[in-house]
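Participant: Take a look at the letters that make up each chain.
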Amino acid sequence: DAGVIQSPRHEVTEMGQEVTLRCKPISGHNSLFWYRQTMMRGLELLIYFNNNVPIDDSGMPEDRFSAKMPNASFSTLKIQPSEPRDSAVYFCASSLGTPTEAFFGQGTRLTVV
Amino acid sequence: KQEVTQIPAALSVPEGENLVLNCSFTDSAIYNLQWFRQDPGKGLTSLLLIQSSQREQTSGRLNASLDKSSGRSTLYIAASQPGDSATYLCAVPSGSARQLTFGSGTQLTVLP
Chain A
1 DAGVIQSPRH EVTEMGQEVT LRCKPISGHN SLFWYRQTMM RGLELLIYFN NNVPIDDSGM
61 PEDRFSAKMP NASFSTLKIQ PSEPRDSAVY FCASSLGTPT EAFFGQGTRL TVV
Chain B
1 KQEVTQIPAA LSVPEGENLV LNCSFTDSAI YNLQWFRQDP GKGLTSLLLI QSSQREQTSG
61 RLNASLDKSS GRSTLYIAAS QPGDSATYLC AVPSGSARQL TFGSGTQLTV LP
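First to last, the sequence lines map onto chains A and B.
For the first sequence, my numbering begins at 1 and goes up steadily by one.
For the second sequence, my numbering begins at 1 and goes up steadily by one.
Hints are not guaranteed to be accurate.
[As the list claims (entries may be wrong)] Stretches of chain A that chain B covers, calculated by requiring three or more beta carbons in the stretch to come under 8 Å of a beta carbon on chain B: (1) 44 to 56; (2) 95 to 104.
[Stated by the list, open to error] Below, in silico cross-link-like pairs of lysine-lysine (DSS-like), each with a Cα-Cα straight-line distance of 27 Å or less: (3) 42/B <-> 78/A; (4) 24/A <-> 68/A; (5) 68/B <-> 1/B; (6) 68/A <-> 78/A; (7) 68/A <-> 42/B; (8) 24/A <-> 1/B; (9) 24/A <-> 78/A.
Don't read these hints as lab results, they were simulated from the structure.
From a predicted model like this one, the values you see are computed outputs, not experimental measurements.
Beta carbons are placed, not taken as given, at the ideal position from N, Cα and C, and that holds for glycine.
Only chain A is shown next, with the shape it has when bound in the complex:
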């Protein structure tokens, strides 16, 4: 298996623009997580899906953030409008149920200027 695949790897955008991050989980995994990593706050959970259904989105910082999982093999995290404080590395992770071993993608480094 190719592991968790995220795209793009790097994204530079101007403040106010819409940004869409993509994730393909490991085939067969039914739990998907979006995390954000910053120097100040470390790794924080944004949202958790189970069987394509959002279960916990309490970590989504503002209404500017939204996430979807239209099917078992694809998820998106959208920021609209983006702000400089959204600059961070965004990780997607998947697992077979919880709490089991989680596997992370390579991350998307987002820079909002």
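We have chain A; now place chain B onto it with these hints.
Facilitator: Below, chain B without anything else, positioned relative to chain A:
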């Protein structure tokens, strides 16, 4: 609320040394504990998952131990190599979503 602490924040050792990284957690009612490695600019690579019923888990030169009652885990790296240089993170599932709560990591540098 679960809190995870890793000490030291940074460690530098000469090649060939055996070393121990520490992880502590405040709520001992954990399902498991996972150790990750993160290289600069890269994602997290799962190294070991140790279940709450286990005391130890081994993978190659890595050995993780777990003492739930004291809220501690250690990652032992034998015969360290420069390629082991990375940040090592421990994490435990917590919260309603059993999402991973991470420590802040130990940045390891192995000098050739």
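Participant: Can you give the numbers of the hints that this structure goes against, from lowest to highest?
Facilitator: 8
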